[in-house]
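Spelled out from the first residue to the last, the chains are:
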Amino acid sequence: MAENRIQDEGQDPSWVTNLKRHDEESPQKVYAVVAEYDTPGELLEASRRVRDAGYSKWDTLTPFPVHGIDEAMGIKPTILPWIVLCMGLAGGTLGLGLQYFTNTVFYPYLISGKPMFSLPANIPVTYELTILFAAFTAFFSVLGLSMLPEFFHPLFRLKRMERYTNDRFAVVIQGNDPIFERERASALLKETGGNDIETIFAPEKTAPIPAPVVGVSVIIGAILLLPPAFVARARFSKSEKPRIHIIQDMDMQQKFKAQFPSELLQELYGDPRASLQPVPGTLARQDFVEDDVWLDGKLPSGDYSAAFPEGFVIDEGMLERGQQRYAISCMPCHGLAGDGQGLVANRALFLADAIASGRANTGMAWAPPANLADARIQVQPIGEIFHTISYGLNNMMGYATQVNREDRWAIAAYVRVLQKSQGATLADVPAEVRAEVEQELVEARAAAEIVAAAAAAEQAARDAAEAEAAAAEQAAPETESND
Amino acid sequence: MSTTKTLHVEGLDNSTDDPSGRAPLILKHDYKSVTDAVCGVVENPKIHPAWALGFLVALGGLGMLFALIVHLIATGVGVWGNNVPVAWGWPIVNFVFWVGIGHAGTLISAVLFLFRQNWRTSINRFAEAMTIFAVVCAGTFPGIHVGRIWLAYWLFPVPNQMLMWPQFRSPLLWDVFAVGTYASVSLVFWYMGMIPDLATLRDRARHPLRRLAYGVLSMGWRGSSRHWHRYERAYILLAALATPLVLSVHTVVSFDFAVSQVPGWHTTIFPPYFVAGAIFSGFAMVVTLAVPARAFYGMKEIITVRHLENMNKVILATGSMVGYAYAMEFFIAWYGGNRYEQFAFVNRAMGPYWWAYWTMVSCNVLSPQIFWFKKARTSIPIMMVVAIFVNIGMWFERFVITVTSLSRDYLPSSWAYFRPTPVDIGMLIGSFGLFFTLFFLFLRFLPMIAISEVKLVMPEPEPGTTAKRETTPLETAPASSN
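For the protein sequence lines, the chains are A and B, in the order given.
Position 265 (the first sequence) corresponds to 265 in my numbering; numbering is contiguous.
Position 145 (the second sequence) corresponds to 145 in my numbering; numbering is contiguous.
One chain only, chain B, in its complex shape:
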């Protein structure tokens, strides 16, 4: 356990930086109360009306998404606004948007773990869940974008009756492997981190069905130190593996664009720029979700102002990187001397989609700049507004990249203005329904905070100060003979 001096903090503000010691990450809690607080949410037999309302709204969105997908498959991809020259419309915009959001989870779990950023423990479960659900949303769009969804297995190298194999030199195929690996490794990472907490839930469960469900999910975890030894070793290996993975996924997504010849896409800055944007949007989404959840479930002592402030710092840093990338794209278009590239960028900012471009710049570059001020970084209303702006801006970024470049690509006679159809709009809203349905279920049935990891960053209790021991020993299984 950490022997570093821990400062005492009045109230709930632990965002001060006193160099004489470490600010505590968890406030007013001991081991037992953390367990009670997190498990209590899942064990509470009453369904809160607010949760039920939110869940039903999300479920409605999910229903709409499914209905629209059925409509799409039965009719064909003509129900979307996609048409030559904008053959990649909202479905790909939504895909890149959701994949980007899905980056924060693994970044928090893996990269911050490797950097020994202990504050990650309060939010990593939450962010990892968000990652999985965002990747589910992201995976939906390319799946249905293939049009003949029953032929989607052509994406994978499976032996088939045509004796054909995928073309491995195509970035679109790299994407299948990158996103597929990311989704499954994130799931494993999330699940493995959850096993000890599921065991806690199992041991606390009083209903046999509950005990059975959590018992199966926790795989018989007993908290044995010999198991913990391997578990920790594997966890750090997973973090070390997930770190290059998280950087590679959005890099490969950016290859979908950068490897093509379209002016405005064919740039080498795309991989780092996409990765920074992904982290940016992911952290904004974590803040958007964490702020209401910590208030609603009474987790303010576990997800503290300090955690939120740290996330806002990451948002400021990555938002500025994204702003730098926007500027550098323009610079290189000018400096590179390629007239078509220059046209693509002038057209981006001043062409028919100027409104989308400037929405993107104001939301992504300008709005996070307020986080230079500590007051703004620690203010709940301001951070909520900025986080939502960033979510909007990052969707627009993908829209700007995809649509403005394609709508005026090569032959001026083929240029066209892209307009989404109601199905496009419905599917975007429906994808939020899918995301929030999964998220509400997660909040209700799984531990939203990594209990065992939070305990690891709490100061060790002094002997004799722990909660009073039960006077009567708990009943043990009857021992018959011997």
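Just chain A, same shape as in the assembly:
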């Protein structure tokens, strides 16, 4: 509390004492006449009087902004808001320009096909920089326009300053006012009810800046110049060394690298290779074989299995599945009947014919797909057929990755069906359905005859019509020339 405070608890630093001594010992001039007022109301009244007396270089000191003092003193509105406005606009422009140039010119970012520069995404930074610039300008404009900081001022010689930042008010009429006369100013202040009217003196010349301050400033300034100097040197010179990279943790990681022996692993396992070898007897998942026939159609001896894998049940459903899968994966080349006459094969043969007859000149090498009913394939064990489906042969690729194993066995079974159906006779049909099949055959033949007869009749009609048209054309040739 105020009562606890001790008067002047210590000595000023020597350079402050020196400055003060200079101030006190150099020739003095009148700085101002000061009067004290107890309340804001008295101050306002006094201010109006001083303003009306024609003074221009004068001021009032108040512990807080007194309402109405601007009008009472005749202070003109400050230009500060305009400075703030300009700098705010400058900040916004800078923010927008910064984003535009860095993200579209210096280092274009293409993200998800979005435009390089889109205003909505660039609003937040623009907004913040506008505020940042405006706010700092407001602060520094107060200081700049008020000529602050000003650590030495004649008014600080006034011991009463303590009251003017606490609970009292003062009017200061400065000595450099054109109409200033010490006695007149004092009398005016006295008239307005001012108390403790004092005259403050100021040295005519301000003290030189103390040598230590100059020295330290020069040294700091020189040190501050070093980084830009290094940058400038680096900018305009060439070096073969890589760039300085202080923390190299990304480049020098403590990890095992391929093709580099590791002492630690040598020590631990007697093997310096970073890729550790599996424990003896370990099998990778794909190396684990429980049933050779099921996996690739081969017996443990390496020969193809002549029988389907154990437990693989062949029934109508399975064959239908095989037929359906065959239609998806095999039919395009091998044909619906397995005779090697698929659409792809036919197209390829058409192109091959075209090349042979000189109608096309694109080179092509085409191994026609096999007729699955070929004697060569008829005698293959079922395991070989499965193996071919799985791993492919000649131009045919393996289907192991596209068709699952069970379906591949089903296709193999269906291939056997196709083989049987090619060149099959009525004798191959089971006795109980033979009559039905015969009946179907008879109906099919009858239907084919009807179709053939109809086609023949249609052809005859068309021929007759053409002949008639030709005759008509010969009869009236001038009709055509008139066109």
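A few of these clues could be false.
Said to hold, decoys possible - A few chain B residues that face chain A, going by a derived Cβ cut-off under 10 angstroms, partial list only:
1. V34
2. L114
3. T359
To be verified - Below, a list of computed lysine-lysine pairs in the DSBU-like style, where the Cα atoms sit at most 30 angstroms apart:
4. B:K32 <-> A:K159
5. A:K29 <-> A:K159
6. B:K46 <-> A:K159
7. A:K159 <-> A:K190
8. B:K300 <-> B:K313
9. B:K300 <-> A:K190
10. B:K28 <-> A:K159
Claimed, not checked - Pulled from the structure, derived: some chain A residues nowhere near chain B, Cβ distances all over 10 angstroms:
11. A222
12. D303
13. M331
14. N346
Keep in mind the hints are simulated off the structure, nothing from the lab.
Just so you know, even glycine gets a beta-carbon here, dropped at the ideal spot from N, CA and C.
Put chain B on the given structure of chain A with help from the hints.
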């Protein structure tokens, strides 16, 4: 000065609303006694044992925070509980929590200033200081969250050897600008408001070192009316600039979440909801700090019951807004018909973090409802309990938003339950150490109440009623010749 009729108030209760006049904001004080009361705290040569104890505890927390940061930088971010899918764990929760707290200061200084809410003058310095310190705590977490802290300069658009620039379409980068601007503008606002009071301290100082320190800080302020004119103009401009700023900061923080695709984050309600939550938590923190400080430093006549009651009203209003936002999130999840959004919210309330969700709802929505009653609004114990509940609840809100959404984000095979490590817990406690260290230093060395602004809302003394004049004039500097 205000010529409005001011009611006389018995005792310290100025919370009554008599329509025939204005209740006084400052009780039993004149200009000089306000200066003495506020400056006396700073000038008192004796260090109070309670202050020393509090400061040492806070300093211990700060030491722990620094030690843990060194540990983190030396080891890597694996010392935290953050892991896929919860890659944003406590560090981001703490960041959002502290940034939110940092909103009350500027709101009180700027928004209430623009609305001519004169009661702000007693608490604005205090709240602004709290803002700066909370933003310091907040800024620490993203700084260390980058892991390779020596590369943190990549956040800023500085020319570098890689010829690369930041990606300006990322909300995380907007955050750098928003929080950076907020921190620096708040600092300027706080400092500028303090210059006249620092000048008061300078003029009262008796020790040369003190005079030098406050002299440099006050920049030679003399209380000149010509300076005051520009100062007031700049202050209102700063308030007008800080108002949109304070609203934008937590909006941008909420963009960090809302612009992402994570269910539970990707909602348009986030910006207003975050801003309301920030004001809510900030006011709760101001009450938490102001109540003990006014009792301890004898400021009950300056920070009156009326001030506290007003703050509690703001807490009630913003707490209800936050409760509305919680309900609206659920409504939109249902109404929007997005199954993933619906899952995120059901999971929030009923999933593995149900305890965090219901802690948040009880602390943030239910506890402030007691402030509908005037007795509760003006009761010191009740307001302390509610304010602390709100602080806890608002931390949990950020936890709920960050962790529940991430822990069950997209692929169920990647879901995981987040658990903090002791380092996480230590850093949260340590951040309070940082905050309170700065706060205790502020109480000891800077004027905790805006002296010049408080005088502005005090009734003008009648001529002749001021303190008795000194009979002998104070000694003036010797005038030699002329």
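Results of checking the hints against the structure:
no., hint, in the structure
1, V34, "holds (9 angstroms)"
2, L114, "violated (15 angstroms)"
3, T359, "violated (32 angstroms)"
4, B:K32 <-> A:K159, "holds (17 angstroms)"
5, A:K29 <-> A:K159, "holds (18 angstroms)"
6, B:K46 <-> A:K159, "holds (26 angstroms)"
7, A:K159 <-> A:K190, "holds (20 angstroms)"
8, B:K300 <-> B:K313, "holds (19 angstroms)"
9, B:K300 <-> A:K190, "violated (40 angstroms)"
10, B:K28 <-> A:K159, "holds (28 angstroms)"
11, A222, "holds (24 angstroms)"
12, D303, "holds (44 angstroms)"
13, M331, "holds (38 angstroms)"
14, N346, "holds (47 angstroms)"
Of the hints listed earlier, those the structure fails to meet are numbers 2, 3 and 9, in rising order.
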